[in-house]
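> Sequence:
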Amino acid sequence: WLMSLEADDNIINIQTKGSGTSIGIDQSGSGNVTTVWCGLSGGTYATHTCTNATITIDQHGSGNLAKAYSQHTNHIDNQYTITQNGDNNTGYLDLDDDDNIATVIQTGNSNYGEIYMQGDDNSYTITQTGNSFYAKMYAFGDDSTWAITQSGSGNHNAYIKSCGNCNNNDASITQSGSGAKDGDIEFRNNPSDNNTVNLTQSGNGSHAGNILVKQGNYIVNATQSGSTNQNYTVTLDCTTNCNKTITVNQY
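Residue numbers (my numbering): 136 to 386.
Simulated from the structure, these hints should not be mistaken for laboratory data. Careful: at least some of the hints might be erroneous.
Just the calculated beta-carbon pair ranges, DEER-fashion [stated by the list, open to error]: (1) Gln385 x Gln150: 17 to 27 Å; (2) Thr170 x Thr363: 36 to 46 Å; (3) Gln150 x Lys296: 23 to 33 Å.
A virtual CB, placed ideally from N, CA and C, is assigned to each residue, including glycine.
Turn these sequences into a full structure, and let the hints guide you.
What follows is the structure, given as structure tokens:
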């Protein structure tokens with residue numbers, strides 16, 4: 136499916152199920168709303184089927200809101216992409232098991248962006264450039280690279296929270312430019328092993344970094360530069376059989 140709209144009040148709602156679905160949506164004009172349910176049939180997920188789906192959403196101006204779902208497994212090699220350029224923005228992706236790639240790229244104005252994931256061998260990326268910012272990830276997989284990058288002026292807020300037995304992951308938050316910066320990375324539940332946590336904050340404005348890691352082996356790197364008010368907190372909840380390597384640079 137390929138769909139392009141340039142009207143003032145753009146609204147697209149797609150409900151589909153099956154295997155090998157490819158959906159492309161392009162919106163330009165004002166109102167903008169896009170929702171894609173993969174695996175939804177007759178308004179219910181009771182007979183969920185969504186396998187090998189590729190969903191691409193591209194929005195340009197004004198109201199903006201894009202959502203793509205596949206709630207409840209039954210997925211291999213998914214690729215979902217949301218690209219938004221201007222104005223009120225939102226984003227949001229929900230992917231499930233297996234080899235998924237999720238990308239949210241937002242450029243201007245109010246922003247938001249959220250990736251909710253479950254599964255294995257996934258790669259998640261949120262990139263935001265300007266204005267109000269806000270990014271959040273929930274992740275439950277192994278062997279993945281989770282990255283949030285925020286740059287430009289305005290308040291920077293980013294959260295990566297992983298639950299369950301998540302191993303061999305690289306979780307990174309990079310915040311640069313002017314404005315206050317707040318980055319939080321949490322590996323909440325036990326046990327998780329061999330994860331790398333990177334928090335990098337630079338530029339003007341206060342810096343706040345909070346990292347929580349539970350039992351397991353972790354490498355934790357935090358760098359804060361360019362601000363006179365820098366605050367970093369790491370909480371290690373570990374009693375036996377765990378190795379932590381922590382490096383903090385503030386300058």
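> Does the Cβ-Cβ separation between Gln385 and Gln150 fall within 17 to 27 Å?
Because 50 Å falls outside the window, the suggested range is violated.
> Between Thr170 and Thr363, does the beta-carbon spacing fit 36 to 46 Å?
holds (44 Å)
> Starting from the range 23 to 33 Å, see whether the pair Gln150 and Lys296 falls in it by beta-carbon distance.
Once the Cβ atoms are compared, 29 Å apart, the range 23 to 33 Å for Lys296 and Gln150 holds.
In summary, the structure is inconsistent with hint 1 from the numbered list given earlier, while agreeing with all the others.
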